[in-house]
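For what it's worth, the working numbering labels the leading residue of the sequence shown as 1, then goes sequentially.
Think of the hints as simulated: they come from the structure by calculation, not from any bench. Just to be clear, a hint being listed does not mean it is correct.
Said to hold, decoys possible - 25 Å max Cα-Cα, derived DMTMM-like pairs, lysine to aspartate or glutamate: (1) Lys-59 <-> Glu-112; (2) Lys-59 <-> Glu-109; (3) Lys-42 <-> Glu-109; (4) Lys-42 <-> Asp-107; (5) Lys-111 <-> Asp-73; (6) Lys-59 <-> Asp-107; (7) Lys-42 <-> Asp-13; (8) Lys-59 <-> Asp-13; (9) Lys-111 <-> Asp-75; (10) Lys-42 <-> Glu-52; (11) Lys-59 <-> Asp-17; (12) Lys-59 <-> Asp-2; (13) Lys-202 <-> Asp-189; (14) Lys-59 <-> Asp-173; (15) Lys-59 <-> Asp-73; (16) Lys-42 <-> Asp-75; (17) Lys-202 <-> Asp-73; (18) Lys-42 <-> Glu-112; (19) Lys-42 <-> Asp-2; (20) Lys-59 <-> Glu-116; (21) Lys-111 <-> Asp-13; (22) Lys-202 <-> Glu-191.
Unchecked claim - Across the chosen pairs, the derived CB separations fall in these ranges: (23) Thr-54 <-> Trp-166: 27 to 37 Å; (24) Asp-206 <-> Ala-44: 52 to 62 Å; (25) Asp-75 <-> Ile-168: 22 to 32 Å; (26) Ser-45 <-> Pro-126: 30 to 40 Å; (27) Tyr-199 <-> Tyr-165: 21 to 31 Å.
C-beta atoms are modelled at their ideal positions from N, C-alpha and C, and glycine is treated no differently.
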Amino acid sequence: SDLRVRADRLSYDQVNDVVRATGNVRVSHQGNAYAGPHAELKLASFVGFVVEPTFVIGKTGAGGTAQRLDFLDRDRAIAAAATYTSCPADGSGGPAWLLSADRIALDFETKEGVAEGAVLRFLGVPLLGLPTVSFPLAEARKSGWLPPIVGLNSGSGLVAAVPYYWNIAPNRDATITPIARTRRGPGVDAEFRYLEPDYAGKLRLDLLPYDRQTSSTRYA
């Protein structure tokens, strides 16, 4: 097994196969790392919990925090009152964008995370509420929300966009991006890509149905 547990104080209950760790706890398993003040784990089944952990997913470098993280088995865990981000910290010491959720289910067998009661935040400001949202736990292509894009320009004002990537098939995908522009109104950009043995192509749609400056629907 690649399980490692480090802490200021460790005890092992041989009868119940439970290790208890307190103080600067560090748990590593399958390339993932968990840190917190207290943890209890069954070594053979990897069932247990970490209190107030921070965690890092080894295959993506993404991670987050939780009030408590429960390991259901070697491939599944539940994080309660959790946050998750895949972007590095900004100059203020926190990540630029953050997903906060009531509950995040991590499944390392299917390589998918699912957040329930989620709110997407940019620089601490809530942008989008999502009852359920999924995200990949590996670098493989997978449908899900991508990091938000926020900008400012003279024509559109403040622009906030949250792209959704749709992995339709190994040779087809699409990115659908709802966009809010303070000076022009809401819109949607979409890009569809396809690849065949003898040809490839791309279709784009930029839709701004209620443009406050000019009405435009553009195809390319």
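We went through each hint and held it up to the structure:
1. Lys-59 <-> Glu-112: holds (12 Å)
2. Lys-59 <-> Glu-109: Holds, at about 13 Å.
3. Lys-42 <-> Glu-109: holds (20 Å)
4. Lys-42 <-> Asp-107: holds (19 Å)
5. Lys-111 <-> Asp-73: holds (15 Å)
6. Lys-59 <-> Asp-107: holds (13 Å)
7. Lys-42 <-> Asp-13: holds (9 Å)
8. Lys-59 <-> Asp-13: Judged against 25 Å, a Cα distance of about 32 Å means the pair is violated.
9. Lys-111 <-> Asp-75: Holds. Lys-111 to Asp-75 sits at ~9 Å (cutoff 25 Å).
10. Lys-42 <-> Glu-52: holds (19 Å)
11. Lys-59 <-> Asp-17: violated (29 Å)
12. Lys-59 <-> Asp-2: holds (15 Å)
13. Lys-202 <-> Asp-189: holds (13 Å)
14. Lys-59 <-> Asp-173: holds (22 Å)
15. Lys-59 <-> Asp-73: holds (19 Å)
16. Lys-42 <-> Asp-75: holds (14 Å)
17. Lys-202 <-> Asp-73: violated (42 Å)
18. Lys-42 <-> Glu-112: holds (24 Å)
19. Lys-42 <-> Asp-2: Measuring from Cα to Cα gives roughly 14 Å; hence the hint holds.
20. Lys-59 <-> Glu-116: holds (22 Å)
21. Lys-111 <-> Asp-13: With a Cα-Cα distance of about 32 Å, the restraint between Lys-111 and Asp-13 is violated, given a limit of 25 Å.
22. Lys-202 <-> Glu-191: holds (7 Å)
23. Thr-54 <-> Trp-166: 27 to 37 Å: holds (31 Å)
24. Asp-206 <-> Ala-44: 52 to 62 Å: holds (55 Å)
25. Asp-75 <-> Ile-168: 22 to 32 Å: holds (26 Å)
26. Ser-45 <-> Pro-126: 30 to 40 Å: holds (38 Å)
27. Tyr-199 <-> Tyr-165: 21 to 31 Å: holds (23 Å)
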